[in-house]
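Assemble chain B onto chain A, guided by the hints.
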Amino acid sequence: MNLKHNLSLYILVVISVSCMKNIEFDTGEFSHQPVVNAIICAGDTAKIFLSYSFPSYDENGVPNQSEIDTAFVQISDNMDSIYHFTVINAHEDHASVYVSNLIPSVNETYQLRIFINGFESLESTTTIPNAISIDSIGYTVVQNDIEEGLSLQLSTWFKDPPSDNFYYYKFSISGGEWQPYWIDSIQDHGVRFVYAQELFDIYWETHDPLIGEINKFMKNRLPVFTDHLINDMSYDLKIDIPLDASSEIFNYDSIMFSSVLYSIPPDFYYYSESINQQYASRENPFVEPVPDYTNIKNARGIFAGISNSVGSIRIATSKIKAF
Amino acid sequence: MKIGQIDCGVHKVTTQKDSRGLIIQIHKIAIALVGLLLIINLSLNAQKKTVCGYIFDAFSGEALIGATVVSTNQLSRTYTNNYGFFSLNTISDSIVVSYVGYQSKKISVLKGDTCLNLVLNSWNEIREVKVTGHGKNYGISGISELSMKTIQSLPVIAGEKDILKSFQTLPGVQGGVEGTSGLIVRGGSPDQNLILIDGVTVYNVNHLFGIFSVFNADAINTAVLYKGYIPPRFGGRVSSVLDITMKEGNRNSFHGNISLGLISSKFVLEDNVNNHKTTWFLSARRTYIDLLLRPFIKNMADGAIIGYHFYDVNVKVSHLFNQNHKLYFSFYSGRDKYSSEYDFMGKNEEGLTFSENSNESLLWGNLTGTLRWNWLINPRTFSNITLIASDYKMLSNNSYSQQINDSSHIAKNTYDIEYQSGIRDLSVKWDVECSILPMVKIESGISYSSFLFKPDNNISSVSNMIDYNTIDTSVTKLYGTELAAYFNTQCTLWNNLILNAGMRINSFFVDNKKYFALEPRINLNWNLNKELKFSMAYCQTGQNIHLLTRSNMGLPNDTWLPSTTTIKPVVSKQYSCGFEKSFRNTIYVSTELFLKKMNNISEFKDGASYLWGNSDWQNRIEQGSGRAYGIEFMVEKKTGVWNAWVSYTLSKSVRQFITINHGQEFPYKYNRRHYITLVALFKPKKNVDLSASWVLSSGFWATLVTEKYYSAIDNYGNYFPDISNYGTIEHIESRNNFRTPAYHRLDIGINLHKQRKKFTRTLSLGVYNAYFKYNPLYIKYTNDGFKMISIVPFLPYINYSIEF
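For the protein sequence lines, the chains are A and B, in the order given.
In terms of the working numbering, the first sequence is residues 1 to 323.
In terms of the working numbering, the second sequence is residues 1001 to 1804.
FYI, nobody ran anything at the bench for these hints, they're computed from the structure.
Backbone N, C-alpha and C define an ideal beta-carbon position, used for all residues, glycine too.
Among the clues, some could well be false.
In silico lysine to aspartate or glutamate, EDC-like type, Cα no more than 20 Å apart, as pairs [unchecked claim]: (1) Lys1605(B) / Glu283(A); (2) Lys1787(B) / Glu24(A); (3) Lys21(A) / Asp1784(B); (4) Lys1568(B) / Glu1622(B); (5) Lys319(A) / Asp232(A); (6) Lys1686(B) / Glu1803(B); (7) Lys297(A) / Glu24(A); (8) Lys1773(B) / Asp26(A); (9) Lys1780(B) / Asp58(A); (10) Lys297(A) / Glu1665(B); (11) Lys1337(B) / Asp1271(B); (12) Lys1758(B) / Asp1271(B); (13) Lys1780(B) / Glu283(A); (14) Lys1787(B) / Asp26(A); (15) Lys1780(B) / Glu24(A); (16) Lys1758(B) / Glu1803(B); (17) Lys1637(B) / Asp1511(B); (18) Lys1780(B) / Glu67(A); (19) Lys297(A) / Glu1730(B); (20) Lys1605(B) / Glu1665(B); (21) Lys1454(B) / Asp1391(B); (22) Lys1429(B) / Asp1391(B); (23) Lys297(A) / Glu1733(B); (24) Lys1477(B) / Asp1511(B); (25) Lys1787(B) / Asp58(A); (26) Lys1477(B) / Asp1391(B).
A partial selection of chain A residues facing chain B, derived with a Cβ cut-off under 8 Å [as the list claims (entries may be wrong)]: (27) Asn37; (28) Ser51; (29) Tyr57; (30) Met79; (31) Ala95; (32) Gln277; (33) Ala280; (34) Pro289; (35) Val290; (36) Asp292; (37) Arg300.
A short list of chain B residues far from chain A (calculated; beta carbon distances all over 12 Å) [said to hold, decoys possible]: (38) Val1202; (39) Leu1282; (40) Gln1323.
Just chain B, with the same shape it has in the complex:
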């Protein structure tokens, strides 16, 4: 197949014969793009003065991501990347560096090409809060960001600061089931969000079935959510990208934080060595609710030991070789484990000694690692090469043994059943940024990913009294390869009009099938004046892997699977436009309209079981289309002792499949027509933070059977008009035919800080669901009709931390 024959955005299946040629062509395109950048860059090298460098926080030395760098003549503008790097071509003699929550700085650049290391001071020294961070936009639209200080201030369930739940307070982002971390972004499903930590995909973001996210807020530097224009450097999911960057470690001195919470504790340590050239960061968190509750559970469960815990560890090391070369290593490991153990010893009816032992365990978690090499080729060209490994695994084990001691021999029965599923992803990426003109910045890159899917692996062994042993092994492995190249151009067409245009070229190879897609993306931001901005965007995205899930609660048996011959990649096209108006740099009002069309989204067929069974998973899946549209509003007050925002999303999200629901359109489970959040942060004193958040939304949808009738066809498939042996049919008008009542909840919290000589201690108190609202978790059928089950009507928390 020739590249020129490929329609934009349409995934096509190529033949085996074409695959090698296709790979070669994509390689050629990618290398050509990167090469082109380098050539252009070299040819323009001497024409303009280039100012480049890194911007850091003055206290911690952490990179400031998304800081604005603008020439004083306003002709050139750029933003720092994920490493705090910027490169600006300018003819001006000075630049201004600014970052939300930090004091701006003006720098003179009288010489030619200059590389700088700049530090900015936080506003924290004065009493204003200055913590919200929605002002950064990186020159693109549909982007949300919360500063870590804001996230630390918000009240949350059980006192565990949670990035994902904090994002649920922003427009266009909704939560799933009560209290869980799932993100529903602009009508998409939770598996359509690409969640990255230091560039690595995290496949399962939930601890404790979604009550907590796997991200330890103390280990995070920034978190940015792209929900409108998704830069082409990101691919693989169709709804949004949540790009999380871990802290690098304090570049100036040793620091730490120890936090004791109601159900978990954690610590953070960070320092530098080698004369500030090497930084390291270590954080760890573990629950101990199992240890505290074990005595009670043991009594209640008749001697059984039941336990649950999770932990996570974040490690990051960076080393600065010189101004041009920097190396980062990031590691994350998180595990959840549920286990139960039961032992019994006694005599059976025949008086023989009898012992029984039963063990069950369920273990799941992510393991990720990244090695990144920043290479500043020249002041205009920044390159980053990344090696990535990500592994998500779920392991269930169930073993039982029984032993009877006779005077003459020992009889023993045992069985052991092990179930595994998971996904492993090994990738390599090369990204290049190049500022070729004062007004033009180009990003380009290539990536190669190799996936191993292990959806349904069983190993069972049985042995019995006559020493008969059987071992059954069922192993399913699926391999997939993704090859992608991209480019993005950011042009300041004139002073206030910023154009981002790019394309991602994506190919996916699986099981002798190849899918190829072009994903064009364009975004126009028009800053009419300092207080009024307009934006519009078109973004096409594709997704080659699918999550088999029904609950959206982040259960560990949710399974990632690749596109196959019959299951095609998801394609999404999103159109959006909006404006933002500020009033005296204090009050910000913004709104955005969006329309998202999704094709090849997957859904379980009518009557299909969503637990693994004997039938092929592909036969239980139907692919169809989805549509989501809506309007988002946000009003923010960003400065002063009071900070607050109100967000409102009016939206609709529907699905349509040929064989599901008789082909009729039906609402998506989390199609919440109205979603309002109100967040207030108050800092009456330097050492006191008060916060409250209130959510009001339409309920979720469920399929309920409220009506039955008799058919003249009985349960055996026979038609008996003259006798009363009728079968009963459940009447279901359509899928998701009922909506639960409106959801609302108030959370409040207070942080009390006290500065000691060598440390600062913080006591955090708060309440989740302060006014005891019984919000539904799910609906169940009883003999008295339908009941909504609520589990968290009121949940206070307490947390104590020491920062040094």
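Chain A on its own, in the form it takes in the complex:
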């Protein structure tokens, strides 16, 4: 008994001196780095957003933006035309917005150069791919997998060219006379990747192999995909809306289904995928960390030229009921 008592005491002493201890880990002095968000769309006025990074443990630690408000920003094209950007809005929260009279064109290569006081010059290049046109938009009513019910199946047809292509896809469903606000304004306000749906309570799903993952991670994924499954093929992106008596779409005489198919350069795809993986794994401590992608020398962020094509269809709900 005495031995056991002594051993127990000894173990407690050992444990007390051997317990966990936190020690400072010096990751070096933090220095803010410039961040560039420059996604320019063919046919739209180009805008560039400059901001700073901040320490991971201090989200309020964004520094004074005076340097990036006075940055020298320019884009040159293949014809050696140079477009100088001027700041139009020292953003109240995070970014400063720069604009110029550059309206990008497809198949054009653009070089970005930014000089910020105190930093090495930031440089990047992008080529705007051809827009892949949406050939048609359609719909049908099909049997779904859930309790043998019916679904409204919305289709977006396009033909993928033989070359390697990367895409960004968004769609919108609006009820009644409501129009997706971005349809008319897309020429005026640059690139807008809209909310997935205007009918916020509507339930939809997809089993499409290209955008199936989009459905799975819709709330934290950029809907990008490659053409490795559909190279040089016509393809139909399908969205399914299960139909039942309580379906919100029957509150309207008609609904509008709109699709936007963006052609994006590989850099934008890799950038989006790295963000996708980060967002998908952020709350899970048991994952491998994901390095972020950038194509800008001496900075974080992305410089990408994109083009798009739009298609939409208005569907009378009485026709859906007729099925």
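Okay, now just chain B, sitting in the frame of chain A:
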């Protein structure tokens, strides 16, 4: 596919149609090799005088493995194998038998073919320590060995003598996480080491999450680490082979050892029966920290009973039928068990009697068994047939029940979830050694292994108040078959130049896919004179099974899986060269350069979860390449009352994968540029051993997020340039972007022996991490920045043992 079309070292996938032919061809090759040996042997049978036999320790009768046998004219030389057997063709009339730590013996062999049983006396009777054993080289390079006496003398964590941790003090071998037993050999990962006990693969070598290894040092006879030239008889891992041989049992008399430690106790018993023809050995070890701490835990955990213990048992029986036939049976069983139990009984808000019971348990361990038959076909030819079974299992159980007693009825809710994973391996091997000429020894063999992988099996059952029962079962079983043949030739080209050349032919069949590989290996040892040796080696190895792990801490949920259609076998090619110089047979200086290239190594993809989930494990794995190179130095003092060695490894180990880290190369987690160990053993008196070991190494690597920024793309995938609903992106320049501070630690220990009339008692005292160095175990993120977590700044130990 024709054999002649197969490129060396490149794994190729064959079609289903070819598989039967391939198996037949490998069988033919293997049988031809073995047959060739026998024919050559018979044809040469009468030409030379052959001296064969076994060499034993005089006191215990244990086989001495790796003893050197050389003819006095220095023209013939050989080494004893894992059974203490040697066979030497010679024209000399005498041979000299030597073994590190033992007195050499000269034997006259005037007659023709002779079979001998030789015993050597240990140097222990005099005061010199003579315990280190790095001098044996078996005629090959890149080999490390520690005698059990050295291992027993070294200070270790909690006083548990540990073979794996002892090897971490040798050049080219590094440890993983603080205090754990993982071996990082020449830049390889821990799963790339083949760890054998009596020829059986041990799949999980850790107790208590790696703090202790599963090997009870009292049960071990020898442990040899092959890290450069890996003899072709070994296969299945690409970095190293740790070949551990259990004790056979004392051939002369009954002996035992009882040891009481801080957290565990163990005993060893050994004896012989049947007029010394049968020996047996039994050892067992169990922790009792759960029993000691249970009262405290129960108080702290509000009535819950939480327990953890591990045990292991080693059994070995050998029987000598006659000089030509010997049978061995070895058995090992080790288990770790964590459990928690919680019971509650009372009344609920409605005043009804209410009871709750919760049980959780996690159990894991290895079970191995070997049956070996030594058959001395003739004095030149030694054969061994082995049957092997190895099983590693992890079982997790979580059950809960709730019962409410109403006046009219009893309502009961229960659920039970069971999770299993494991690997089972059944093998048969036939190895033949043949000394066909004084200068030539050939080894050959074939092996067949059948694997069953159970990576992710779930059984859950639920029943509720309305007697609704559901049982879900998810069982995954994968089968694999490995067929291998090998040969190795050891030639003494002239007096001092020893050539080892061989090939391992390996095929793996899984899930309608077949992988085939040729693994050539060559080693040249040149003994320039008695004090200076040069060596160079090329070694190609393959690995057909993979361990899914991230921590390298030896967690029980680490899972072994086979190569598949998409996951290809690992291939490694290693080049090494070095020299060894001795000064008056007292100081030894050695150095070795190595370059290792690995292909098809696996790593979790960026963003992939390393816990089992719904997605196929193959989709979460990326295969790529690895490269490790470096130089190892070692200086040893082997004789006198002071024994010491200093080892230093300067190395680099990197990995590269197409989709990980944007395709850029990144450092391996345990890429420690500098690794220095200093070990000193001092025996001032016959009954006192003092020891100290000091480690200094570069820190390990970790991936940390120190910087964030806003993207104009929000968390919903929308781009909003004009509003501030931005998403936050973590900036990670690359995987493993930070290195922890340098690691260093001093351990000291003392063994006090006292000889009594019928027994010897030993009191061992020591301290792990004597000067309170807070070394990082892992790094965590806090609101104040990053913190390193350290858990073992100072850990004293005490151990008391009686040997009789």
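(request) Return the numbers of the hints above that this structure violates; sort them in rising order. (result) Violated hints: 5, 7, 11, 17, 18 and 30; rest satisfied.
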